[in-house]
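Asker: For reference, the chains in residue letters:
2 protein chains.
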Amino acid sequence: MEKISRTKIVDLLKRRDFGAMVNVKGWVRTRRGSKQVNFIALNDGSTINNVQIVVDLANFDEEMLKQITTGACISVNGELTESIGSGQAAEVQARGIEVLGTCDNTYPLQKKGHTMEFLREIAHLRPRTNTFGAVFRIRHNMAIAIHKFFHERGFFYFHTPIITASDCEGAGQMFQVTTKNLYDLKKDENGAIIYDDDFFGKQASLTVSGQLEGELAATALGAIYTFGPTFRAENSNTPRHLAEFWMIEPEVAFNDITDNMDLAEDFIKYCVQWALDNCYDDVKFLNDMFDKGLIERLQGVLKEEFVRLPYTEGIKILEEAVVKGHKFEFPVYWGVDLASEHERYLVEEHFKRPVILTDYPKEIKAFYMKQNEDGKTVRAMDVLFPKIGEIIGGSEREADYDKLMTRIQELGIPMKDMWWYLDTRKFGSCPHSGFGLGFERLLLFVTGMTNIRDVIPFPRTPRNAEF
Amino acid sequence: MEKISRTKIVDLLKRRDFGAMVNVKGWVRTRRGSKQVNFIALNDGSTINNVQIVVDLANFDEEMLKQITTGACISVNGELTESIGSGQAAEVQARGIEVLGTCDNTYPLQKKGHTMEFLREIAHLRPRTNTFGAVFRIRHNMAIAIHKFFHERGFFYFHTPIITASDCEGAGQMFQVTTKNLYDLKKDENGAIIYDDDFFGKQASLTVSGQLEGELAATALGAIYTFGPTFRAENSNTPRHLAEFWMIEPEVAFNDITDNMDLAEDFIKYCVQWALDNCYDDVKFLNDMFDKGLIERLQGVLKEEFVRLPYTEGIKILEEAVVKGHKFEFPVYWGVDLASEHERYLVEEHFKRPVILTDYPKEIKAFYMKQNEDGKTVRAMDVLFPKIGEIIGGSEREADYDKLMTRIQELGIPMKDMWWYLDTRKFGSCPHSGFGLGFERLLLFVTGMTNIRDVIPFPRTPRNAEF
Numbered sequence: 211m212e213k214i215s216r217t218k219i220v221d222l223l224k225r226r227d228f229g230a231m232v233n234v235k236g237w238v239r240t241r242r243g244s245k246q247v248n249f250i251a252l253n254d255g256s257t258i259n260n261v262q263i264v265v266d267l268a269n270f271d272e273e274m275l276k277q278i279t280t281g282a283c284i285s286v287n288g289e290l291t292e293s294i295g296s297g298q299a300a301e302v303q304a305r306g307i308e309v310l311g312t313c314d315n316t317y318p319l320q321k322k323g324h325t326m327e328f329l330r331e332i333a334h335l336r337p338r339t340n341t342f343g344a345v346f347r348i349r350h351n352m353a354i355a356i357h358k359f360f361h362e363r364g365f366f367y368f369h370t371p372i373i374t375a376s377d378c379e380g381a382g383q384m385f386q387v388t389t390k391n392l393y394d395l396k397k398d399e400n401g402a403i404i405y406d407d408d409f410f411g412k413q414a415s416l417t418v419s420g421q422l423e424g425e426l427a428a429t430a431l432g433a434i435y436t437f438g439p440t441f442r443a444e445n446s447n448t449p450r451h452l453a454e455f456w457m458i459e460p461e462v463a464f465n466d467i468t469d470n471m472d473l474a475e476d477f478i479k480y481c482v483q484w485a486l487d488n489c490y491d492d493v494k495f496l497n498d499m500f501d502k503g504l505i506e507r508l509q510g511v512l513k514e515e516f517v518r519l520p521y522t523e524g525i526k527i528l529e530e531a532v533v534k535g536h537k538f539e540f541p542v543y544w545g546v547d548l549a550s551e552h553e554r555y556l557v558e559e560h561f562k563r564p565v566i567l568t569d570y571p572k573e574i575k576a577f578y579m580k581q582n583e584d585g586k587t588v589r590a591m592d593v594l595f596p597k598i599g600e601i602i603g604g605s606e607r608e609a610d611y612d613k614l615m616t617r618i619q620e621l622g623i624p625m626k627d628m629w630w631y632l633d634t635r636k637f638g639s640c641p642h643s644g645f646g647l648g649f650e651r652l653l654l655f656v657t658g659m660t661n662i663r664d665v666i667p668f669p670r671t672p673r674n675a676e677f
Numbered sequence: 211m212e213k214i215s216r217t218k219i220v221d222l223l224k225r226r227d228f229g230a231m232v233n234v235k236g237w238v239r240t241r242r243g244s245k246q247v248n249f250i251a252l253n254d255g256s257t258i259n260n261v262q263i264v265v266d267l268a269n270f271d272e273e274m275l276k277q278i279t280t281g282a283c284i285s286v287n288g289e290l291t292e293s294i295g296s297g298q299a300a301e302v303q304a305r306g307i308e309v310l311g312t313c314d315n316t317y318p319l320q321k322k323g324h325t326m327e328f329l330r331e332i333a334h335l336r337p338r339t340n341t342f343g344a345v346f347r348i349r350h351n352m353a354i355a356i357h358k359f360f361h362e363r364g365f366f367y368f369h370t371p372i373i374t375a376s377d378c379e380g381a382g383q384m385f386q387v388t389t390k391n392l393y394d395l396k397k398d399e400n401g402a403i404i405y406d407d408d409f410f411g412k413q414a415s416l417t418v419s420g421q422l423e424g425e426l427a428a429t430a431l432g433a434i435y436t437f438g439p440t441f442r443a444e445n446s447n448t449p450r451h452l453a454e455f456w457m458i459e460p461e462v463a464f465n466d467i468t469d470n471m472d473l474a475e476d477f478i479k480y481c482v483q484w485a486l487d488n489c490y491d492d493v494k495f496l497n498d499m500f501d502k503g504l505i506e507r508l509q510g511v512l513k514e515e516f517v518r519l520p521y522t523e524g525i526k527i528l529e530e531a532v533v534k535g536h537k538f539e540f541p542v543y544w545g546v547d548l549a550s551e552h553e554r555y556l557v558e559e560h561f562k563r564p565v566i567l568t569d570y571p572k573e574i575k576a577f578y579m580k581q582n583e584d585g586k587t588v589r590a591m592d593v594l595f596p597k598i599g600e601i602i603g604g605s606e607r608e609a610d611y612d613k614l615m616t617r618i619q620e621l622g623i624p625m626k627d628m629w630w631y632l633d634t635r636k637f638g639s640c641p642h643s644g645f646g647l648g649f650e651r652l653l654l655f656v657t658g659m660t661n662i663r664d665v666i667p668f669p670r671t672p673r674n675a676e677f
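Going down the list, the sequences are from chains A and B. Positions in the first sequence are counted from 1; adding 210 to them yields my numbering. Positions in the second sequence are counted from 1; adding 210 to them yields my numbering.
Hint data in this document are derived by calculation from the structure and do not stem from the laboratory. Some hints could be false.
Any copy, or any two copies together, can satisfy a pair, since identical chains are not distinguished.
Stated by the list, open to error - Distance condition first, Cα-Cα at most 30 Å in a straight line; then the derived BS3-like pairs of lysine-lysine:
(1) 390 / 412
(2) 586 / 213
(3) 613 / 218
(4) 213 / 224
(5) 586 / 613
(6) 597 / 513
(7) 358 / 224
(8) 321 / 636
(9) 636 / 276
(10) 597 / 575
(11) 626 / 390
(12) 213 / 636
(13) 494 / 358
(14) 396 / 412
(15) 358 / 479
(16) 613 / 213
(17) 218 / 358
(18) 322 / 502
(19) 397 / 412
(20) 586 / 534
(21) 537 / 586
(22) 321 / 626
(23) 245 / 636
(24) 526 / 575
None of these values were measured; they are calculated from a predicted model.
Model the full assembly from the supplied sequences, consistent with the hints where possible.
Answerer: This is the structure:
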């Protein structure tokens, strides 16, 4: 077959130079037709759209044609022509076809209509489906939007460590990382395992958050963000939990809680706008196939200012709802850590738009949050979203060395893990703020998927680390 | 003090609207002057350049002024004025100063001229130095360049898993990841530890490479790249090794070895060009302070086509050098895995430019590389750089199911770890190629730093997981 340089299908479908000879390569989605003419729907992953290959059977070898089955990989030379019936403006009249890889009838994706559960079992092949192609192209685009947003605003991408020897944020159970020979664990005279011969010379784990190290960077470089994997060893088998997930954590020197809220709102609107502007075909597909309200929900978030409301006011609204007869599963009172049903009531029923809840009771928030003058609350902010609940959690940080130290002591956090963090408050302390966004939470919102295992290529959950 | 919205120093130094009232915030680098006037060099991390704050002492409280020591954090309102002596075009005549955070004389960065070794011990503070500010701003910019390069070319960023239950690439020793209680390890009747109750229900480790999963994605989405942390539990205490480092691994369907070389050369030139275009101040600082040949070396890489040479030809050149009297520490013969001295001889002495070495003996390369017709070599490609040695390693992949299977069996790789990888060759196999770039190797080249621990914020090495 003559060598013609390949055109990606995403580019080919935009071309209007009908009559040109082109080459496309990809995987066969379907093949149908008559005894004279066949139509091959070909996809190469560059777009959700297939290009139609028109094959005049008389011109091709019968044995070769038999190999063009669903899933087979082919290279096609042909003439770019205007299309009438394919749903796209352009199609290809085949002049030469080469089968690069055959695909027999044991191919699990031959038939359509597989359940999401089945597709999770073949996570190594599911990127070849329309649904997961769309999801992972959107995932890519959201990552690009995030880097672009921060880079354009002068933030520096900062890699906080994955393996850590400190366990101070207490955000969840941790995975231990070790090179010790578990068949020959040395112990000291008290029966404690000796870690001196472990790789790091001490007990080590996988990080649950890069925030504390992010604060080190923000108080040097001014404005930074992390974007990396984080880990929670919680035995939670739910559609909302992953043991390995990606987090984005911006941290900004000189930002107060209001700047932090502005940043969070701008940031998430930028991401949603990017999805609509750059992944419309994929979003539309997911909207039409899975979640008819998706595009409307995305546009809804862009249209309105987020509500900004102190926790105390939020509790009042919830208490009034109870008085008026609304039934919640969990009790509502000042001091309670809000359940998802409470957050969603505020967002979906009361305000009907995203809500940033601020100034939470200090007892239910982390030690590093800036204490308010009332002695009871801290400058926390959670961004609550329709269908998702909490999508962002953040705060202004306590910049006062003595207040922070007192809180650390109250909570009994070991100083061996804290001295370096405290140094930021000791040497040229400054007001600063930041937040964390779970990348997969954002993707649930933007794709309309309902199970978090379906927005990450290879989900890690209890009893599952396949592929 | 009047509230004026803050200008970052990187932006302030570009302004020419002298007379405007501005606010800057940052950390004091130095303070000097006479009894009448002081000059504060202020840095906020946005640039390596300081802004000079001119303080007429008569206008300020003496007690406040005493707090303006090296490392202190201050907010300054003042008039933007043209500067004569500060080395910058603009400076600020202070009208109001607020001390946000004091810094006493225990601050470790008070004096200049610390060794790199000492700065590694205070890695939590070293981003506040000129050197590490420059390195980490360049690190950010290289990450942005990488995403931009691939995004513009239609590649999708793909997150391969960090925790893995397979160990097939054999690229190095692995860290075990576990939630097991090491004080109560259950064993079966043969004395083998039972992993059924571990988090993932089996033994798990940290990934050494995302390539195999990347191939799954490339054979679905067409062109992908990974950019994530990878881990090697090797007890190597050298300036070249990290236990935790970041890798970029593009993988492209339908690319052959020549396309792969083109991609690698374009990619690395794009990154180097980006550094010169977008981080010139930082690169220049490192050039002047540490490595006078840095900028010349960066420009050198851009100027010339990389040499493309089969391994067999490379061996001939090395053998001729030996005949002519060149002494190598390690022997040279066909089949040897080249040592760094061999690679650097080819690059630095023989060709005097980067070299892409191809078609290595199959015995010294990984099982997945495409076998050449000679039965002896594989379509590997290593990009060799001055001062660095191997900066990129890649190959065209074996697309033929039977050949790949035979190689897997020859090497005794367990099929339980391989079935999903083999499915890519079973169902619609296609030619494809890819490579891996160690991010910190690239940074060594672009920053001129000589120890890899100085181009990552918090290095993880044997016996070191601080911060």
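Asker: Compare the structure with each hint and give your call.
Answerer: Do the hints match the structure? See the list:
1. With identical chains, the CA atoms of residue 390 and residue 412 are at most 30 Å apart both within one copy (11 Å) and between copies (17 Å).
2. In this assembly of identical chains, residue 586 and residue 213 lie within 30 Å of each other by CA distance solely across copies; the values are 28 Å between and 73 Å within a copy.
3. When the C-alpha separation of residue 613 and residue 218 is checked against a cutoff of 30 Å, the pair qualifies only between copies, where the shortest distance is 29 Å, while the shortest distance within a copy is 59 Å.
4. Taking the shortest Cα distances, residue 213 and residue 224 sit within 30 Å of each other inside one copy (22 Å), while across copies they are farther apart (52 Å).
5. In the homo-oligomer, the alpha carbons of residue 586 and residue 613 lie at most 30 Å apart inside one protomer (13 Å), although the nearest pairing across protomers, at 69 Å, exceeds that limit.
6. For a Cα distance limit of 30 Å, the shortest separation of residue 597 from residue 513 inside one copy, 17 Å, qualifies, whereas the shortest one across copies, 54 Å, does not.
7. In this assembly of identical chains, residue 358 and residue 224 lie within 30 Å of each other by CA distance both inside one copy and across copies; the values are 26 Å within and 22 Å between.
8. In the homo-oligomer, the alpha carbons of residue 321 and residue 636 lie at most 30 Å apart only across protomers (17 Å), although the nearest pairing inside one protomer, at 64 Å, exceeds that limit.
9. Taking the shortest Cα distances, residue 636 and residue 276 sit within 30 Å of each other only across copies (17 Å), while inside one copy they are farther apart (74 Å).
10. Taking CA atoms no more than 30 Å apart as the test, residue 597 paired with residue 575 passes inside one copy only; the shortest distance there is 23 Å, against 50 Å between copies.
11. In this assembly of identical chains, residue 626 and residue 390 lie within 30 Å of each other by CA distance both inside one copy and across copies; the values are 23 Å within and 25 Å between.
12. For the identical chains of this complex, residue 213 and residue 636 are inter-copy neighbours only, at 25 Å across copies versus 67 Å inside a copy, given an alpha-carbon limit of 30 Å.
13. Proximity of residue 494 and residue 358 under a CA criterion of 30 Å is satisfied in both settings, with 23 Å inside one chain copy and 25 Å between copies.
14. For a Cα distance limit of 30 Å, the shortest separation of residue 396 from residue 412 qualifies both inside one copy, at 13 Å, and across copies, at 23 Å.
15. Within a single copy, residue 358 and residue 479 get their C-alpha atoms as close as 13 Å, and across copies as close as 21 Å, so both meet the 30 Å cut-off.
16. In this homomeric assembly, residue 613 and residue 213 come within 30 Å of each other (Cα to Cα) only across copies, at 26 Å, whereas the closest approach inside a single copy is 71 Å.
17. Taking CA atoms no more than 30 Å apart as the test, residue 218 paired with residue 358 passes in both settings, with 25 Å inside one copy and 19 Å between copies.
18. For a Cα distance limit of 30 Å, the shortest separation of residue 322 from residue 502 inside one copy, 20 Å, qualifies, whereas the shortest one across copies, 62 Å, does not.
19. With identical chains, the CA atoms of residue 397 and residue 412 are at most 30 Å apart both within one copy (13 Å) and between copies (25 Å).
20. Taking the shortest Cα distances, residue 586 and residue 534 sit within 30 Å of each other inside one copy (28 Å), while across copies they are farther apart (81 Å).
21. In this homomeric assembly, residue 537 and residue 586 come within 30 Å of each other (Cα to Cα) only inside a single copy, at 28 Å, whereas the closest approach across copies is 74 Å.
22. For the identical chains of this complex, residue 321 and residue 626 are inter-copy neighbours only, at 26 Å across copies versus 58 Å inside a copy, given an alpha-carbon limit of 30 Å.
23. With identical chains, the CA atoms of residue 245 and residue 636 are at most 30 Å apart between copies only, with a shortest distance of 29 Å across copies and 82 Å within one.
24. In the homo-oligomer, the alpha carbons of residue 526 and residue 575 lie at most 30 Å apart inside one protomer (20 Å), although the nearest pairing across protomers, at 67 Å, exceeds that limit.
Violated hints: none; the structure is consistent with every hint.
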